[in-house]
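2 protein chains.
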Amino acid sequence: MLNLEVFKQRIFSKEKMRKVNLFETSNFFCDLYCLVPGQSQKPHKHDEADKIYYVLEGEAIIQVGKEEQVCSAGQMVLAPAGEEHGVRNGGRGNLTLLVIMAPNPNVRKTS
Amino acid sequence: MLNLEVFKQRIFSKEKMRKVNLFETSNFFCDLYCLVPGQSQKPHKHDEADKIYYVLEGEAIIQVGKEEQVCSAGQMVLAPAGEEHGVRNGGRGNLTLLVIMAPNPNVRKTS
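Here the protein sequences come in this chain order: A and B. First residue of the first sequence: 1, per this note's numbering; consecutive thereafter. First residue of the second sequence: 112, per this note's numbering; consecutive thereafter.
One chain only, chain A, in its complex shape (with noise of 0.2 angstroms):
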């Protein structure tokens, strides 16, 4: 069994949004997004998936549909299939995220 600890994955970097692979299988995925200040993932969307963004640090500005929000650590956010969403550190210091986002885009089930 697989046990991590989340926080201690966690990866930036000065040239763009990192993500990191915690799980996936074909069900799902769960990322960390890290992002250092100014640092975004653009606004886009998916048709079939729906995407949970959990703010574990820092300050987020989610997007989703035509709204924007300040997101802090502990609060969630969904951005259900369909709708544009994005998300930008709004904040003075690294942002990380916990995101899952099902079924998983990456995997074509065979079954």
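Please note that a few of the clues may not be correct.
[To be verified] Taking lysine to any residue pairs in the SDA-like style, the calculated list, with each CA pair at most 25 angstroms apart, reads: (1) B:Lys119 - B:Asp142; (2) B:Lys119 - B:Gly202; (3) B:Lys177 - A:Ser26; (4) A:Lys19 - B:Ser183; (5) A:Lys19 - B:Ala184; (6) A:Lys19 - B:Thr136; (7) A:Lys42 - A:Arg10; (8) B:Lys177 - A:Leu2; (9) B:Lys153 - B:Glu126; (10) B:Lys119 - A:Glu57; (11) B:Lys156 - A:Asn104; (12) A:Lys19 - A:Glu84; (13) A:Lys8 - B:Lys153; (14) A:Lys45 - A:Leu4; (15) A:Lys19 - B:Glu126; (16) B:Lys119 - A:Val99; (17) A:Lys45 - B:Glu126; (18) A:Lys19 - B:Gly185; (19) A:Lys42 - B:Phe134; (20) B:Lys130 - A:Leu4; (21) B:Lys119 - A:Gly90; (22) B:Lys156 - A:Thr25; (23) B:Lys130 - B:Leu167; (24) A:Lys66 - B:Lys130; (25) A:Lys19 - B:Val210; (26) B:Lys119 - A:Gln69; (27) A:Lys66 - B:Asn114; (28) A:Lys16 - A:Ser72; (29) A:Lys8 - A:Glu48; (30) B:Lys130 - A:Lys45; (31) B:Lys156 - A:Leu2; (32) A:Lys16 - A:Gly86; (33) B:Lys130 - B:Gly185; (34) B:Lys127 - B:Gln150; (35) B:Lys177 - B:Pro191; (36) A:Lys45 - B:Phe134.
Worth flagging that the hints you see were computed from the coordinates, not collected in a lab. In this text the structure is predicted, and so the values were computed from the model without any measurement.
With chain A fixed as given, assemble chain B onto it according to the hints.
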């Protein structure tokens, strides 16, 4: 956009472990499991769905397959589809887990 303060959603009960749903779609559910000392969810399995446990507070004894591990705040474990899994509060304080399961066994897809 619903922006949840996750920790504030906790509910504990002396009668039984409480599950608090945070978000649910046809693709997954995201719950809080709230256990006072001694409470547990008996080992069980799901043929299709994968489950993630993420410990928010307290001390969880998590079983996956035949293995048991003690997990504390910040640790994450995967219980893959088909594997027996369960959790109990092995500590002296309250235990709160973030639990994500995909696909959502409570929902039958219409598409």
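Measure nothing beyond the straight line between the CA atoms of B:Lys119 and A:Glu57; if it is 25 angstroms or shorter, mark the hint as holding.
-> OK: B:Lys119 and A:Glu57 at ~17 angstroms, within 25 angstroms.
Straight-line alpha-carbon gap A:Lys19 to B:Ser183, limit 25 angstroms = holds, 24 angstroms
Holds or violated: B:Lys177 to A:Leu2, with C-alpha atoms at most 25 angstroms apart = Distance of about 13 angstroms is within 25 angstroms: holds.
Restraint check for A:Lys8 with A:Glu48, where alpha carbons must lie at most 25 angstroms apart = violated, 31 angstroms
Straight-line alpha-carbon gap A:Lys19 to A:Glu84, limit 25 angstroms = Answer holds: A:Lys19 to A:Glu84 is near 19 angstroms, not above 25 angstroms.
Holds or violated: A:Lys19 to B:Val210, with C-alpha atoms at most 25 angstroms apart | holds, 21 angstroms
Satisfaction of hint between B:Phe134 and A:Lys45, Cα-Cα up to 25 angstroms = Holds. A:Lys45 to B:Phe134 sits at ~19 angstroms (cutoff 25 angstroms).
B:Lys119 and A:Gly90: Cα distance at most 25 angstroms?
-> holds, 24 angstroms
Take the C-alpha atoms of B:Lys156 and A:Leu2, compute the straight-line distance between them, and say whether it is at most 25 angstroms.
-> Distance of about 18 angstroms is within 25 angstroms: holds.
Holds or violated: A:Lys66 with B:Lys130, Cα cutoff 25 angstroms?
-> Cα-Cα ~32 angstroms, so violated.
Would you check the hint for B:Lys119 and A:Val99, treating anything up to 25 angstroms between C-alpha atoms as holding?
-> holds, 20 angstroms
Does B:Lys119 pair with A:Gln69 here, judged by a C-alpha cut-off of 25 angstroms?
-> With a Cα-Cα distance of about 18 angstroms, the restraint between B:Lys119 and A:Gln69 holds, given a limit of 25 angstroms.
In summary, the numbered hints that this structure violates are 13, 14, 15, 17, 24, 29, 30.
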